[in-house]
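Enquirer: Sequence:
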Amino acid sequence: MVSKGILFATICIFYLATLVLGNGDLTVGHTYGAQKIHHEIYTKKGLPLQKRVEEIEIKAPKNKTIQAVVVKDLKGNGESYIKRGGIGMDSVTLKLKSEKGHGFKFSVDVYA
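Residue numbers for the sequence shown, in mature numbering (1 follows the signal peptide of the UniProt record, and there is no 0): -22 to -1, 1 to 90.
Simulated from the structure, these hints should not be mistaken for lab results. Quantities reported herein were computed from a predicted structural model and do not represent experimental measurements. All C-beta atoms in this analysis are idealised placements derived from N, C-alpha and C, irrespective of residue type, glycine included. There's no promise every hint is true.
[Said to hold, decoys possible] The following label-pair restraints were derived from C-beta to C-beta distances:
#1 40 to 81: 31 to 37 Å
#2 79 to 8: 34 to 40 Å
#3 43 to 79: 21 to 27 Å
[To be verified] Here are the computed lysine-lysine pairs in the DSS-like style, where the Cα-Cα straight-line distance is at most 30 Å:
#4 75 to 23
#5 61 to 40
#6 42 to 83
#7 42 to 61
#8 73 to 50
#9 61 to 73
#10 40 to 78
#11 75 to 53
#12 53 to 37
With the hints as constraints, model all of the structure from the sequences given.
Expert: Below is the structure:
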């Protein structure tokens, strides 16, 4: 009986971990010693039965390269990823998505 309780507790912990970690946050690179070159909050309202998608491109100033990208999912139901460029490049293209029928709200910071 004890082993069933332990198994159930373990399954619950893994399930809750996927809920907490299953948001659209993205952190790549190191911000230490880097200068913030971009900060913006991107929002889109939800539409029934549709995913909301936005692609954004951020370019580094001349003679600088991207050192870090930090995306925070402020609603907790979205998805974000790097589509092109990124760390060590002169630009980065991010794709921001919502769940079907929902909107999104992301805070995007880029450092060079």
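Enquirer: So, for every hint listed, does it hold in this structure?
Expert: A quick look at each hint next to the structure:
1. A hinted range of 31 to 37 Å holds for the C-beta pair residue 40 and residue 81, which are about 36 Å apart.
2. One distance hint, 34 to 40 Å for the beta-carbon pair residue 79 and residue 8, holds here, with the actual separation near 36 Å.
3. Remark: the range hint 21 to 27 Å for residue 43 to residue 79 is contradicted by a beta-carbon distance near 38 Å.
4. Between the alpha carbons of residue 75 and residue 23 the distance comes to roughly 12 Å, so the proposed pair stays at or under 30 Å and holds.
5. The suggested pairing of residue 61 with residue 40 holds, with an alpha-carbon distance near 22 Å, which does not exceed 30 Å.
6. Taking the CA atoms of residue 42 and residue 83, the gap is near 28 Å; set against the 30 Å cutoff, the hint holds.
7. Our distance criterion of 30 Å between C-alpha atoms is met by residue 42 and residue 61, whose separation comes to about 20 Å.
8. Between residue 73 and residue 50 the CA atoms are separated by roughly 13 Å; this keeps the pair inside 30 Å, and the hint holds.
9. Note on residue 61 and residue 73: the hinted pairing holds, with a Cα-Cα distance of about 6 Å set against a maximum of 30 Å.
10. Between residue 40 and residue 78, the direct Cα distance comes to roughly 39 Å. Violation of the 30 Å bound is thereby established for this hinted pair.
11. The straight-line distance between the Cα atoms of residue 75 and residue 53 is roughly 12 Å, inside the 30 Å bound, and the hint therefore holds.
12. The straight-line distance between the Cα atoms of residue 53 and residue 37 is roughly 26 Å, inside the 30 Å bound, and the hint therefore holds.
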